[in-house]
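Asks: Sequence:
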Amino acid sequence: MNQPSNPLLNQQPQSFQQSAPVIGIGEWIVTVIVLNLPLIGLIMACVWGFSSTTNPTKANFCKAMLIFMLIVVVLYFVLIAAFVGGAASMQAQ
1 MNQPSNPLLN QQPQSFQQSA PVIGIGEWIV TVIVLNLPLI GLIMACVWGF SSTTNPTKAN
61 FCKAMLIFML IVVVLYFVLI AAFVGGAASM QAQ
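Sequential numbering from 1 applies to the sequence shown in the UniProt record's numbering.
None of these hints come from the bench; they were simulated from the model.
Some hints could be false.
Derived CB-CB ranges, DEER-like [as the list claims (entries may be wrong)]: (1) Val-32 to Val-84: 31 to 37 Å; (2) Pro-56 to Gly-85: 41 to 47 Å; (3) Ser-52 to Glu-27: 14 to 20 Å; (4) Cys-46 to Ser-19: 33 to 39 Å; (5) Gly-26 to Gln-91: 50 to 56 Å; (6) Ile-33 to Tyr-76: 21 to 27 Å; (7) Ala-81 to Ile-29: 32 to 38 Å.
We treat Cβ as the ideally placed atom computed from N, Cα and C, and that holds for glycine.
With the hints as constraints, model all of the structure from the sequences given.
Replies: Okay, here's the thing in structure tokens:
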């Protein structure tokens with residue numbers, strides 16, 4: 001007789017988050033080594049980053065690496081353009 005009249009009040013809150021398995025150190029080492037290979041790293045970052053079967057943590061890491069690679073490429077071209085422009089202006093004098 002001590003039970004509440006509404007059974008919904010007695011329920012514990014449920015969490016609906018999906019938990020992904022933890023990625024071990026060995027798999028992270030292999031991931032970093034593969035991502036540092038010149039062309040294969042770019043391809044694998046795209047595959048792992050946008051695959052629905054990849055662990056979400058690894059997918060987010062690969063997406064971050066792709067963004068970082070894009071920033072580096074843009075900065076590279078900006079610096080090259082600045083040096084070429086500077087050299088061209090010095091040649092004109």
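Asks: Hint by hint, say whether it matches the structure.
Replies: The hints, checked one at a time:
1. Val-32 to Val-84: 31 to 37 Å: With Cβ atoms ~34 Å apart, the hint holds.
2. Pro-56 to Gly-85: 41 to 47 Å: holds (43 Å)
3. Ser-52 to Glu-27: 14 to 20 Å: holds (18 Å)
4. Cys-46 to Ser-19: 33 to 39 Å: violated (26 Å)
5. Gly-26 to Gln-91: 50 to 56 Å: Holds - the Cβ-Cβ distance for Gly-26 and Gln-91, about 54 Å, lies within 50 to 56 Å.
6. Ile-33 to Tyr-76: 21 to 27 Å: holds (23 Å)
7. Ala-81 to Ile-29: 32 to 38 Å: Since the Cβ atoms of Ala-81 and Ile-29 sit about 37 Å apart, the hinted range of 32 to 38 Å holds.
Consistency note: the structure conflicts with earlier hint 4 alone.
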